[in-house]
Amino acid sequence: MAEPLLRVENLVRRFGGIVATDNLSLDIAPGELHAIIGPNGAGKTTLISQLIGQLRPTAGTIRFAGEDITDLPAWKRSRLGLARSFQITSLLPNFTAADNVALAAQARDGHSFHFFANARKEKPLREAAHAALERVGLLGRADVKVSELSHGEQRELELAVALATKPQLLLLDEPMAGLGATESARMVKLLAALRQEVTIVLVEHDMNAVFALADRITVLVYGRVIASDVPAAIRTNEEVKRAYLGDQHVVTSHG
Amino acid sequence: MTSSFNLRNGVAAAVVIGLLLLPLFSQATGNVFLLTLFTRIVIFALAAVSLNLIMGYGGMMSFGHAAYLGIGGYAVGILAAEGFGSGFVQWPVALFASALFALVIGALSLRTRGVYFIMITLAFAQMAYYVASGLSRYGGDDGLTVYKRSTFGGLINLSNRFQFYYLCLFCLFGGIFLVWRIVNSRFGLVVQGLRANEQRMQAIGFPAARYQLACFVIAGTMCGLAGALLANNTDFISPAVMYWTRSGDLMVMVILGGMGSLFGPVVGAIVYLVLEEFLSQVTEYWAMVMGPLLLLIVLFGRGGILGLIGRFSRG
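As they're listed, the protein sequences go chains A and B.
Residues 1 to 255 in our numbering are what the first sequence spells out, letter by letter.
Residues 1001 to 1315 in our numbering are what the second sequence spells out, letter by letter.
None of these hints come from the bench; they were simulated from the model.
Please read these numbers as outputs of a predicted model, since none were measured by experiment.
Take these hints with a grain of salt, some might be off.
Here chain A is said to cover these stretches of chain B; the calculated rule only asks that three of the stretch's residues, wherever they fall, bring their Cβ under 8 Å from a Cβ of chain A [to be verified]:
1) 1188 to 1195
2) 1201 to 1207
Not everything, but these chain B residues come out facing chain A in the computed CB check (under 10 Å) [to be verified]:
3) I1118
4) G1134
5) R1137
6) Y1138
7) R1149
8) N1184
9) S1185
10) I1218
11) M1288
Heads up, the beta-carbon is just placed ideally off N, CA and C, and yes, glycines get one too.
Next up, chain B with everything else stripped away, as it sits in the complex (with noise of 0.2 Å):
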C-alpha cells in the first residue's frame, strides 16, 4: 500500500520537475518544437484538471467542457479586437463569461442525471460552437486572430517564450493546488458523498443540487482560464477549440490519466498529446493505433495510468 503511494507520489513529482526543467533542457538542446509542444499540453492539462473535478470527483459527465476554452479565448479576442489589449482586462472577462455560461448551463444540466446529463452538455456546448461560428464579425467560421497578445503592463511578457510557458505552468500548479485544497474541503466532501450517493447525501440534510453547481462553475471557470492561455499561445482562436470532438479529447484526457487523481489529468494530458504529435507525423491514420491503446487503458487500467502504476508497484 504505502510502497505504491510512493510510486504515484513518484510520478506525480517527476512531472512537477521535469515540466519545471523543460524550457532549460529545451534551450540547451536547441529544440525549440518541444516547448512549443509542451506549452500547448500544459494549457490542455489545466483544461483536464479542471474537467477532472466535476467529472472524477463529482460525478459529473460533462461532454461539454471544450465550451470554456472557446469562452475563454474569444473573450480574449474579442476584447483585443476591440482595442482591449490588457490581460487585466480580459482575463476577468475570461473567466466572468465562463463562470456565467457554466452557471446557466449547469443549472438546467442538473436537472438531469446519467446519459441525458452528457447529452444534454453536449448540446450546449454545440450551441456555443455554432453561436462562434455565426460572429462573422469576429471571423465566423474562419476564426479570429489575435494580432497581440494579452499586455500585463510590463509585468510579465506573454511573446517570450519562456515567460509564456511559466506563466501557463503556474496557472496548471495553481488549479492543481486549487483542486487538491477544494476536494478535501467540506465541499469537496461533500462533492464526493454526491458522487457516490445521492439520496444518502439528501438524506443527511445536503442539498444536492446547489453543491454540485458550485463545483461546475469552478471547474468552468478555471478552464476558461485555460481557454485564455490557449488564445495567447495560437494567436488565434475560432469554433474549432470548442467542437465536440475537442471535449471529447479532454475526457480522454481525464480517463487516461486518472479520474478523481490529482495529477491523473496532467499525466493523461501529456501521454494524450505527445502520443497525437508522433503517431501524427508517422502515419496520417494515427487514431487508428490511438484507439486500441486507448481502449487497452480504459479496459485493464481501471483508475487510467496512474492506476495502473499503483497496481503494478503493489504486485
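With the rest of the complex left out, here is chain A (with noise of 0.2 Å):
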C-alpha cells in the first residue's frame, strides 16, 4: 500500500468513565473508499469529530497528507483538505443553497477580510458554488432557501458544501440518513461518481450503500476496531457476525 492519505495511531478518547474511543488505529489509502460501521454508540461520530477537529483525543496521534494534525483547530484542517458533512443537516438556514456553497469557495479563497465589495456579485465564487451544485445535481434549486429546500435536497447540498472546499479527503457521517429509497439510490450514483475523484471515508447505516461502495470497511464495537478487511472478507468475519448478533441480519440479509 502507498503512504496512506490518513493514518489514525492509537486513539483514545474519554467521556469520564466512558472510552468511547479505546487505542484505535486506522489507515485510510489515497483513492479509496472506506466505510466506517458499527452498531449503535459503537463511537462513530465521535471518531469522526476527533479526525475533522471538533473533538479533542485524550491520547493518541492522527496524521493527513504526512503531517500530524492532532492538535490543529478543525479551520485549518479544512484547509488542508479536510472536509466533513454533518450528520444532521446543519447549514445556514436563512441563506440560499448557491450562499451556502460559496461560503465554502470563500473559506477555500483565502482569508474573507472584504468588507466592502458585495460577495455575491463576486463572479468565481458564484461560478465555484454552481459548478459544487451542478456536481450534486443541484444547480437547478442554486437560488431557492435552505429552509425550503427538501430533506434529500439538504443532504445534497451537504455534499456541495463539502466538496466547494476541494478536499483531498472527505468525510461523510450518514449521508443516506433519513432518506428514501429512491433518494438512497441517487445518494449511492452520486457517491460512486464522486470517488473517482476524492477518497472518501463514509460512515453510514445503510448496508446496501456500503457493501456497494466501499473498497474496505472497518467495523468499530466499543470504541475498538474489531474488523479492517475488504468487504467480502468483512461479510463472513465470525467476530463482525456475533457483533451484530442482534442485528445479524444487518449484515448478510441486506448485504
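Please assemble the complex out of the two chains, which come individually in their own frames, going by the hints.
So this is what it looks like as C-alpha cells:
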C-alpha cells in the first residue's frame, strides 16, 4: 500500500469513565472509499469529530498527508483538505443554496477580510458554487433558501458544500440518514461518481450502500476496531457477525 | 413577498425623508424642542445601528454597548478640558479609544458564548462606568461639562443647531451605509454564517474568533462616534451614559425596531425615545406603559416593528 492519506494511531477518547474511542488505529489509502460501520454507540461519530478537529483526543495521533494534525483546530484542517458532511443537516438556513456553497468556496479562497464589495456579485465564487451544485444535481435549486429545500436536497447540498472546499479527503457522516429509497439510490450513484475524484471515509448504517460502494470496511465496536478488510471478508467474518448478533440480518440479508 | 418588501422599503424611505426634512418643519412651526429631541434620537439611532451589526447580524448579544458612548464622550470631554478643542484631534482619539476598548474586551469576551458573553460584556461596561466615576479630575460621579463644542476649523459649526443636526444625520446615514456594505461583503457573510452555525463555519475553514472580533471592533468604533456626538449634543458627559440600563436601552431599541434589519434600529430608536419623551410627560410611571408595550412587541412581533410591518402587509 502507498503512504496512507490519513493515519490514525492509538487514538483514545474518554468521556469520564466511558472510553468512546479505545486505542484505535486506522489507515486510509489515497483514492479509496473506506466505510466505517458498527452498532449504535460504537463511537463512529466520536471518531469523525476527532478526525475533523471538533473533539480533542485524550491520547494518540492523527496524521493527514504526512502532517501531524492531532492538535490543529478544525478550520486549519479544512484548509489542508479535510472536509466533512454532518449527520444532522446543519447548513445556514436563511441563506440560499448557492450562498451556502459560495461561503465554502470563499473559505477556500483565503481570508475573508473584504468589507466593502458585494460578495454575492463575485463571479469566481458564484461559479465555484454553481459547479459544486451541478456536481450534486442541485443547480436548478441554486437560489432557493435552504429552509425551503427538501431533506434529500439538503443532504445533497451538504455534499456540495464539502466539495466546494476542494477536499483531498471527504468524511461523510451518514449521508443517507432519513432518505427515502429513490433518494438513497441517487445518493449512492452520486457517491460512486465522486469516489473517482476524492478519497472518501463513509460512516453509514445503510448496509446496501456500504457494501455497494466500499473498497474496505472497518467495523467498530465499543470504540475498538474489530475488523478492517475488503467487503467480502467482512461479510464472512465471525467476529463481526457476533458483534452484530441482534442486528446480524443487517449485515447478511440486506448485504 | 414583493409587496411586503415594498412596504418595508417604504417605511425606510419615509424615515429617511422625514429625518432629512425635520429641521425645516421645526423651523417653520417654531418648534425648537422637536429638533433637540430628534438630534438626540439620531445619535442614539447611530449607536443602535452599530449594536445591530454585532447583535442582529453577528449574533453577539453585547450587554455593554453603552460603554463606547462613554468612551467616545469622555475622549471629547477630557481633551476639551485639557485645551485640545479641535475635533480633528478629539474625534480620531474618540474612535481609536473605542476601537481599542472593543479589541480588548472583545478578545476576552469572545472566549465565551451565550449568557456568559452577555454577562461578561455587562461586567466590562460596568468597570468602565466605575472607572469614569473615579476620575475625580474630570468630575467623577458628577460628570464633566464640555464648555466648548468640537471645532472643525470653520468647516462646520457644531453650536449651530441645524448644522449639528445634519452632521449627526450624516454620521447616521454613513453608519447605515457602512453596515449595508459590510453585511453583503465576504466578511459580512462569514459573520452571519457564524451566527447561524459556528461549528459548521469552522468545518469549512473559517477561524470564527478573528472574524467576530473584527466585527466587534467595527461596531464599538461606530458607537464611539455616537459618543463623541452625544458629548457635543449635551455639552456634558457623565458616567451615567455608560450605566448598564443605557446598554439595555440600546438593546431594546434594536429588538424593538427589528434585529438584523438595516433600518430596524433607527425605527426602534425613534419609537423608543419618542414614547419615553411623551409618556414621561403624562406620568412619571411611564415605564409601566413602556414595559408591557415592549413585551407585546417581543412576543408577537418577531422581527420587531419592521418585521411586523412586513407580515402585516403580506396578510
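Here is how each hint holds up against the structure:
1. 1188 to 1195: With 5 residues in contact (Cβ-Cβ under 8 Å with chain A), the coverage given for the segment 1188 to 1195 of chain B holds.
2. 1201 to 1207: With 7 residues closer than 8 Å to chain A, the segment 1201 to 1207 of chain B meets the three-residue bar; holds.
3. I1118: violated (23 Å)
4. G1134: violated (37 Å)
5. R1137: This hint is violated: R1137/B lies away from chain A, its Cβ roughly 38 Å from the closest one there, beyond 10 Å.
6. Y1138: This hint is violated: Y1138/B lies away from chain A, its Cβ roughly 35 Å from the closest one there, beyond 10 Å.
7. R1149: Since chain A brings no Cβ nearer than about 31 Å to R1149/B, farther than 10 Å, the hint is violated.
8. N1184: Where the cut-off is 10 Å and the nearest Cβ of chain A is about 5 Å from N1184/B, the hint holds.
9. S1185: holds (5 Å)
10. I1218: I1218/B check passes; min Cβ-Cβ to chain A is 8 Å, inside 10 Å.
11. M1288: violated (36 Å)
Checked against the numbered hints above, the structure violates hints 3, 4, 5, 6, 7, 11; every other hint is satisfied.
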